[in-house]
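J.: Sequence:
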Amino acid sequence: MPLFFKLVFLCLLVSTQSLVLVSKYTEDQNTDRKSLISFKSALKNPKVLSSWNRTSHHCSWVGVSCQHGRVVSLILSAQGLEGPLCPSLFYLSSLTVLDLSYNLLFGEVPHQISNLKRLKHLSLGDNLLSGELSSELGLLTQLQTLQLGTNSFSGKIPPGLGRLSQLNTLDLSSNGFTGSVPNQLGELIGLQLLDLGNNLLSGSHVTLFKLESLTSLDISNNSFSGPIPPEIGNLKNLSDLYIGINLFSGPLPPQIGDLSRLVNFFAPSCAITGPLPEEISNLKSLSKLDLSNNPLKCSIPKSVAEIGNCTALRVISLSSNVLSGEIPRELCSAVELVEIDLDGNFLTGGIDDVFLKCTNLSQLVLMNNQINGSIPEYLAELPLMVLDLDSNNLSGNIPVSLWNSLNLMEFSAANNFLEGSLPAEIGNAVQLERLVLSNNQLGGIIPKEIGNIISLSVLNLNSNMLEGNIPVELGHSVALTTLDLGNNQLSGSIPEKLADLVQLHCLVLSHNKLSGSIPSKPLYFREASIPDSSFFQHLGVFDLSHNMLSGSIPEEMGNLVVVVDLLLNNNKLAGEIPGSLSRLTNLTTLDLSGNMLTGSIPPELVDSSKLQGLYLGNNQLTGTIPGRLGGLCSLVKLNLSGNQLHGPVPRSFGDLKELTHLDLSYNELDGELPSSVSQMMSLVGLYVQQNRLSGPLGELLSSSMAWKIETMNLSNNFFDGNLPRSFGNLSYLTYLDLHGNKFTGAVPVELGNLMQLEYFDVSGNMLSGKIPENICALVNLFYLSLAENSLEGPVPRSVGCMIVTLSTALALRKWIMRESGQDFKEVEGGNLVGWVSQKIKKGQTADVLDPTVLSADSKPMMLQVLQIAAVCMSDNPANRPTMLKVLKFLKGIRDELV
1 MPLFFKLVFL
11 CLLVSTQSLV
21 LVSKYTEDQN
31 TDRKSLISFK
41 SALKNPKVLS
51 SWNRTSHHCS
61 WVGVSCQHGR
71 VVSLILSAQG
81 LEGPLCPSLF
91 YLSSLTVLDL
101 SYNLLFGEVP
111 HQISNLKRLK
121 HLSLGDNLLS
131 GELSSELGLL
141 TQLQTLQLGT
151 NSFSGKIPPG
161 LGRLSQLNTL
171 DLSSNGFTGS
181 VPNQLGELIG
191 LQLLDLGNNL
201 LSGSHVTLFK
211 LESLTSLDIS
221 NNSFSGPIPP
231 EIGNLKNLSD
241 LYIGINLFSG
251 PLPPQIGDLS
261 RLVNFFAPSC
271 AITGPLPEEI
281 SNLKSLSKLD
291 LSNNPLKCSI
301 PKSVAEIGNC
311 TALRVISLSS
321 NVLSGEIPRE
331 LCSAVELVEI
341 DLDGNFLTGG
351 IDDVFLKCTN
361 LSQLVLMNNQ
371 INGSIPEYLA
381 ELPLMVLDLD
391 SNNLSGNIPV
401 SLWNSLNLME
411 FSAANNFLEG
421 SLPAEIGNAV
431 QLERLVLSNN
441 QLGGIIPKEI
451 GNIISLSVLN
461 LNSNMLEGNI
471 PVELGHSVAL
481 TTLDLGNNQL
491 SGSIPEKLAD
501 LVQLHCLVLS
511 HNKLSGSIPS
521 KPLYFREASI
531 PDSSFFQHLG
541 VFDLSHNMLS
551 GSIPEEMGNL
561 VVVVDLLLNN
571 NKLAGEIPGS
581 LSRLTNLTTL
591 DLSGNMLTGS
601 IPPELVDSSK
611 LQGLYLGNNQ
621 LTGTIPGRLG
631 GLCSLVKLNL
641 SGNQLHGPVP
651 RSFGDLKELT
661 HLDLSYNELD
671 GELPSSVSQM
681 MSLVGLYVQQ
691 NRLSGPLGEL
701 LSSSMAWKIE
711 TMNLSNNFFD
721 GNLPRSFGNL
731 SYLTYLDLHG
741 NKFTGAVPVE
751 LGNLMQLEYF
761 DVSGNMLSGK
771 IPENICALVN
781 LFYLSLAENS
791 LEGPVPRSVG
801 CMIVTLSTAL
811 ALRKWIMRES
821 GQDFKEVEGG
831 NLVGWVSQKI
841 KKGQTADVLD
851 PTVLSADSKP
861 MMLQVLQIAA
871 VCMSDNPANR
881 PTMLKVLKFL
891 KGIRDELV
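The opening position of the sequence shown corresponds to residue 1 in the UniProt record's numbering, with each subsequent residue numbered one higher.
Calculated directly from the structure, the hints in this document are not laboratory data.
One thing to keep in mind: the hints can contain errors.
Lysine to any residue pairs mimicking SDA-like chemistry, simulated, CA-CA at most 20 Å apart [stated by the list, open to error]: (1) K521 to Q489; (2) K156 to V97; (3) K302 to G257.
The following label-pair restraints were derived from C-beta to C-beta distances [to be verified]: (4) E132 to V430: 55 to 61 Å; (5) M596 to P423: 36 to 42 Å; (6) E425 to S600: 21 to 27 Å; (7) V472 to E278: 55 to 61 Å.
Each residue gets a CB set at the ideal place from its N, CA and C atoms; glycine is no exception.
From just these sequences and the hints, can you work out the full model?
T.: Written out as structure tokens, the structure reads:
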């Protein structure tokens, strides 16, 4: 009987334990399920995980893997998940793999992550996570992979990561980590991949060079400083090394040659100096070398050619290294080279046979050097896809054989001295996508065969001596996005076929001799997107300026929605400005100046809300200035000069807060200049000369203390009243022309406060009283005209050696043609003194004189006066004569005339 009870008791015990285990198993499963559901519920877009429903078992849900009913892996990479990391997720106690990378998760990583004691792979990269990394991560001692790159983490790297002894991959790149790398990371002796690139780390980096198991190290784009230590030679397993964009100093250590397994070495922009160590030739496995943008300041050593054992090296970039001397022919001993980039140096000599043995070369970039000689024929034999020879001293003809290349996709040789003509064989380069030969001396015609290159995206032949017609066949190059034929001697009309180039977004035909009308049914400049914009130059430029085009501006131009800069100035266009231009919602510059346009200014232009420059000067426009133009809140420059506009200056102009230059000169405007003009706080230049404006100026200058205007020309109007004393508040003023008005009263003493003033003309008014002493003490003043007034008293003694015009006999050209109506935008920032000095030095003194008063009799006198002015403006005050001497000089000139 006792045995029976013992057996019963044993069975009950086993059954009870089994029930406990089953209960615990079920409870853990339920916990896992609840954790997953809580994670889903916390998302902003939980519907993304639609398969996670109540009817199916959680082990069958998307991204979930289980063993024995427990969740061991959760992989939801690139699912578009948006929301925080819910702490419940970190109660999946059996989890070994957690991958939530490439989502939109945000917020901090909860400290509960330390619960995942079995976790081996954690990938949260490419999200929007932020805050400081929790030191709790150091408790995940089973971790082999930790990927947190491309987030917004900040603060210091936790030293606790050094306890992750099984870690082989650590990616903290593209965050905002600061401070130095903790020494504890040097204890991760099994680490094979370490990526700390694109952070704000600084200080020393020696710790990292103890990690001898590393195969890939990226510390680029930080602020590490100091010399690169010789310990770098310890990393003998390294295949990829990225240290660019840092603040290192000194040369590469010779130990760099110990990295015999190195395949990729990228060290651009990290302040490495030359010369390069000879040991660099020991890198027998190296395939790609980038040392660009470092101040090497040496020649290209022949040892570079020995890198890669003459077989492995495929890419070499030594651009912007301040390299000098000739390119060594030994470079092509590395027979596998496919890319050579040496741009932005001071390399000299020719390239006659330098690259002859580079039989696999597909990209050769030599731009911005001092290479001379001609373009060699053998380049046509190489499998070149990209050939960039811009900005050198190359001369001679382009080899005809180059156009027969079946591989060439990009050929650029701008800013050289190439001559000759473009042959018909150019049409054989059927793979060509980009051809840039601007700023050379090419002549002849553009061959019609160029239309055979249907893949051509960019064609730039600007600033040559090409002549003849624009070939109609260019309309066959349907891939054209940029066509620049400006600054040549092309004639004839613009082919209508060009308007059918639907991908064209940049058209420059300016400064030629083109005639006829603008194509009236354009299809170009309409596509908002382009299949391949990698070759794009000057998106939205439509420039037909400085030709002899006639006819009207087509109404259909309002359909060119991609146009940003519409430049039709200096042609012979007539008719009215089409209101349809207001539909150009991307327009920032509209220049129609220098034509024969008539009618009124379309008020609809206010709809071009992005407009920054509006130039309608020197036409035959009539009517009033639309007040609605005051709604162009982005406008920076407005030029309506040289028309027949009448009526008042709109008060709404005061709303143009960004305007820096306003030119309304040479019109028939009347009424008072509205005081709202002074509310344009960005205004630098105001030009309203040669109108019929009237009234006093007191209100205009009421807020002058805050006005930073530099140039003001109000001459030849009917302004009256006293000169406001508030003129003296315009402390930035350098040029003030008030001549030819009806001002009365005295010259305000306050004008003596204008210490920047260089030019002051109040001649031809009705001013009275004495000349204030302090005006003549303005040290920068070189032109002062008080003629034709009723001033009295002595000329102040402190006049010194400035040029004082007391009559109209002396007429120097005023401020480089300002008075002759030249567009202010061409001369702003000009220095009259420097300009005159240069003319005198070049023997071109007569160019300075005003042709409107110049004659055979007056020329000798005017030249002598100009010489006196030049001496007076000497840079060295000790060389300037006294006023008494100047007076004697002028009397001497007068006596010669008598």
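J.: Taking each numbered hint in turn, which are not upheld by the structure, reported in ascending numerical order?
T.: 1, 2 and 6
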